[in-house]
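**Q** Listed below are the residues making up each chain.
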Amino acid sequence: MRLSRVYVSIITIRHRGLGKATYNLLMWSWFHKFGSPRWFYDFSTRVLPWLAVLCAAFLLVGVVWALAIAPSDYKQGNSFRIFYIHVPTAVISLVGYYVMAIAGAVSLIWRMKLADIVMKEAAPIGALLTFVALFSGAVWGKPTWGTWWVWDARVTSMLILFFLYVGVIALHKAFDNPEQSGKACAVLSLVGTVNIPIIYKSVDWWYSLHQPATIKFTEESTIHPDMFWPFLVITTGFYLLYAVALIANTRLGILQREYRTQWVRSRLQE
Amino acid sequence: MLEIRELCCERGERLLFDQFNLVCGPGDIIEIRGANGSGKSTLLRILAGLAQDYSGTVSWRESAKQASSEVSPIEFRRLSLYLGHASAVNASLTPLENLMWLTELTTPVDESRAIAALQQMQLGECEDVFCHHLSAGQQRRVALARLLTVDARLWILDEPFTALDSAGVDLLHQLIQHQVRDGGVVVLTTHLPLTGLAGVKVVQL
Amino acid sequence: MLEIRELCCERGERLLFDQFNLVCGPGDIIEIRGANGSGKSTLLRILAGLAQDYSGTVSWRESAKQASSEVSPIEFRRLSLYLGHASAVNASLTPLENLMWLTELTTPVDESRAIAALQQMQLGECEDVFCHHLSAGQQRRVALARLLTVDARLWILDEPFTALDSAGVDLLHQLIQHQVRDGGVVVLTTHLPLTGLAGVKVVQL
Amino acid sequence: MHPQRKQRLQIIVFVLIAVAIAAGLLLYALRENINLFYPPADIAAGKVAVGQQIRAGGMVREGSVERSEQNLQVRFVVTDYAADLVVNYDGILPDMFAENAGVVVAGKLTENGEFEASEVLAKHDENYMPPEVAEALEQSGGSSEAEY
Amino acid sequence: MAGKTIIKAVLRREFLLSVRNASASLNGVWFFVLVCGLFAIGIGPDKEQLGGLAPGLIWVTALLAVMLSVDALFRHDYADGSLEQLLLAAHSLYFLVLARLMAQALLIAVPLALVSPLLALMLGMKAAGLPVLILSLLLGVPTLVMIGAIGAALTVGFERGGLLLALLVLPLYVPVLIFAAAAVVSAADGYTYAGQLMILAAQFVLAVALSPLAVVAGLRLNYYH
Amino acid sequence: MAGKTIIKAVLRREFLLSVRNASASLNGVWFFVLVCGLFAIGIGPDKEQLGGLAPGLIWVTALLAVMLSVDALFRHDYADGSLEQLLLAAHSLYFLVLARLMAQALLIAVPLALVSPLLALMLGMKAAGLPVLILSLLLGVPTLVMIGAIGAALTVGFERGGLLLALLVLPLYVPVLIFAAAAVVSAADGYTYAGQLMILAAQFVLAVALSPLAVVAGLRLNYYH
Ligand code: HEM
Ligand SMILES: Nc1ncnc2c1ncn2[C@@H]1O[C@H](COP(=O)(O)OP(=O)(O)OP(=O)(O)O)[C@@H](O)[C@H]1O
Ligand SMILES: Nc1ncnc2c1ncn2[C@@H]1O[C@H](COP(=O)(O)OP(=O)(O)OP(=O)(O)O)[C@@H](O)[C@H]1O
Ligand SMILES: [Mg+2]
Ligand SMILES: [Mg+2]
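Protein chains in written order, with this note's numbering: chain V, -2 to 267; chain Z, 14 to 218; chain Y, 14 to 218; chain A, 62 to 209; chain E, 140 to 364; chain X, 140 to 364.
Simulated from the structure, these hints should not be mistaken for laboratory data. Idealized CB from N, CA, C, for every residue including glycine. Possibly wrong hints are sitting among the right ones.
[Unchecked claim] DSSO-like, lysine-lysine: derived pairs with alpha carbons at most 27 angstroms apart: (1) K265/X <-> K169/A; (2) K198/V <-> K139/V; (3) K265/E <-> K139/V; (4) K67/A <-> K147/X; (5) K108/A <-> K67/A; (6) K265/X <-> K108/A; (7) K198/V <-> K108/A; (8) K198/V <-> K169/A.
[What the hints assert, rightly or not] Output of the computed footprint for chain X on chain V, the stretches with three or more beta carbons under 8 angstroms from beta carbons of chain X: (9) 159 to 170; (10) 177 to 191.
Construct the complete structure from the given sequences, taking the supplied hints into account.
**A** Pasting the structure below:
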């Protein structure tokens, strides 16, 4: 009985009987400070320009390298270059879902406004990336597979991912109270996180035409280094682009949500 | 004992109430008064535990002195009864079926008591007519019959007199009087003059 | 001139009214009174032309003398305005959008008149809030604003005072008084004492 | 215990038990072969019934492609380097279809052990390299399966 | 003329509501795409097989999408009392209902028709069938809306009307389905399809003229007492 | 114990309502039968072809039938205020919601499973697949109900929620569809299917435990203010 009580007090984060320090740690007061929209807005004002410059640099170098300098493929010729758009967008759109879902979880559990805004802004960006991955894949499919659409595992699961994003966006649009829509979208994206691995596994098992992984972490990649380096550069550029887009949109979201507060007024007047 | 401290709530950029305080104990009838749209219903929903976006505290204590006697939310739901603008009467159930369900959400009840309650609300004849055939006042009576079957300490009634005829109003007055005589608390809103009730404390919103 | 002859209506094996007769002319305020479930709403719905299973006749004549001056059903709909328990206010439209639509079903209207009507009903601030955010009384006011924009001769109002605060009740009293002074006819039900209105004819059901 | 906490504990215990059961079921399921995609070796081992709709895949064996003169009939051998599968197909082949390249065929096995394809898809392999490298590899006798 | 004001008012409200409510017509399109995807997943990815089935699958899906949209047509207005006010409008209900139905038909048919070529290609339908697919949807979906509205009017008073509606309406959808699918299949295979389209058009014209009568009667029925 | 009374009360009401409301569960069955019939019409009656497609078609149809049933799950209770009273019940909502969902799952799954062999035979599926078809429906449909309920809870406040629900819920239905259809196909072709059924069962168990959490959160947020 005593054990269960300890357990319950841990999971419900009850502070009675716990040390003040532990309580502070568990209540994440520091976490809330950094989670305040105002802190984020000011912080990002300083960071965003640097990030944007870095992003532009990586993308520029990456694009030139990928399109002009990197060799063409021995089988596919120049159509292989779609690789440099397709793979980064595909990977980031997946990562983006988790960014959204984690932000949703944080906003639901700790009622953090910033997380709520991040989650909502992550959805359209993710959907756009997914769309680009689908589209570039389709364009690539025509020369390589002979058809621009197949119901293959990865392709199908990507389509489903797209719909998961669209669902979150539609749900967000359907409410007119931002706090309600925040909770609703958080619940939905969390349900999605439980499901995404299941969907991926199930679809993966279902049928496979799409190629297996080229870029591997545990063994050596099956791509020639001359092709791999520009890929790394451009992928870094895309990650940065994602970050820049998310931060910029979040700033807009913050302004929209907090436009009545004193600090937003003062920032806008500057 | 119900205690409201520094309640503050805003809706669509309008501050409905700010720094609202209220303490009431056994035997109190509190009438929340205010013009249309002043926030009475919102306040009652917050008391009942339905609305969530407000700041401040609402608590119910078993004894006024001990701070530790604050009850848990589930316990509070067992002790309180909320009756809002929507009467929660399902159109395709009979009055008895509706009443049984609504009651059992908080208090176990046997059918005979429910039937007696319906009879007291003058619904004896309509016991097994589907509720969508009932008149507006009769539907309200079905919802109000719950006051007779549930053993709650705190009643939260949002315009309970709506659609009732004068006999119904009198009956409800009696029920309220009875409840506070037993040491209960009643918080209600209405736009009618509450002349039939003694000892009403009016709170202007 | 409204003329009801030998109206008879039964519901679920209960005779609500039998051989009901009523004649009223310009300037009349008729209050239908009765206990909950006595059939007031049913009667009003029959008058408005919504319910159909009854026997007897309901007719509206331009002049009391000529039998041939009875108007056609569509003409009658243009001349009458029915406001029932359900207020016909769509939750995802704004008050103005709701009012415009409801009015234009019978009377062409321009927006400025509708806006003025809403202002008179104290809804000026909520002009473009979606109606599901409005309080019960404010929704009722949206429905009632139609009394100001529609040019009807006969008002059929089923418990129009529901959810209104005392200012709202006074306002509605004035509107009714104004309507009958202009030679209109008002048939209404309510469970409130109509002390604020002069010359009400009560019909017990 | 506080009734509220007791109920919360009940929920947690319930969820944990459910997750454990689900994990057990999944572990059990993963031991079964539930894939309908077969390499030629499995087909040769008789794991596939005649007439069953399946998908098979592997490399197109070099020099095995025979095209008909009159119509679109093609016949080629798919191999996973452990066993061979003879495939017949009547239709337009995708552009990327080539000897020594990956392919996925959908269809069914016929009585004579050959595969009647209703669809042929070129499966792009996961190797990317410049043409010169590929040529060099070719000359040195390696296959495109080369590792870096 | 007063009639025009009323019809305009009804149309304005219709468009306003369809814009407000979670962009309902767009949702119809998403539903359309999703269900086609589900079919591909359920049946298996064999493109040749899917290509042959595509006209049938697309049309059955369109039919379900219409049914779902139509279900909500009067339900909310019934609940909040707007429907009784519509029935008391000072104008022939036939034309009011017709206006609403036409508006809905437009709002539902056009998005479906626009997105259908994409789906058809994804399912591997032959490109030759595409124009006829679009045409058949533009002609057939409005008919489905009109027929569905009859069911919606009859079931508006029931709590769980959605499935009851399906039961009433789906059998009536069969003629449209048959001719529409046949037209698309013929076109995809390079045969003549004018006949089938003519029949679809005839059905459309009939539905436009007759269904408002039935809808009005159905709506009135709910206010019998 | 008070908890038991409440759960019993919730279950009693659920069954009463489903009996009263135009026998809603039966309507699901009719929908199931009708749509399968439409497929036979839309695709053409080539029995051999249909037989191969049958598992997929039947399962997609079942999935739509469930979605339609689930849509009404909370809508009416929301409109008449019963839902707020449920949220104020003196018992952990998790178990109350779980009870309702289980009741609904039973009411929906059993009739579908019972009628499915008939449909399968009509569509020309091999008889070997029948027992597994029934089993897969009994295991899979409850999962669909649980997942669908999450969407229903989130969209309960919207006028035209049906299509939005589809958008939210159908993508999540994919895993169930894949394994269920695969189990039936394997069984019909004489292969092992235990693995797929196990996975279906695992999904069911997970859904039972987790979906009430999401449903409760979803219902609550409609009463946020
Ligand atoms: C519409 C069609 C397509 C879609 C939706 C799609 C989707 C994806 C996705 C989701 C990934 C990331 C997978 C992961 O990280 O686990 C990916 C990676 C990749 N895709 Fe595609 N794809 C499509 C077509 C193609 C085509 C036609 C090709 C070329 C033959 C291709 C080549 C690749 C490559 C090389 C990768 C990187 C794999 C790795 O290294 O992990 N894709 N694709
Ligand atoms: N999103 C919103 N935007 C603007 N105003 C809102 C919003 N949500 C709620 N409100 C306002 O909040 C108030 C809520 O009022 P509430 O229902 O509590 O009033 P009430 O005092 O019960 O009125 P009544 O006497 O009419 O029942 C209304 O004035 C309403 O207009
Ligand atoms: N099918 C039916 N079976 C039994 N009784 C029915 C049926 N349909 C209607 N009734 C009865 O008919 C009466 C209709 O009452 P109506 O709504 O007209 O009352 P009312 O006078 O307006 O009452 P209130 O003051 O409560 O609004 C009710 O008593 C109702 O019980
Ligand atoms: Mg109120
Ligand atoms: Mg009445």
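**Q** Looking at the structure, which of the earlier hints fail to hold?
**A** The structure conflicts with hint 5 only, although it agrees with all the remaining ones.
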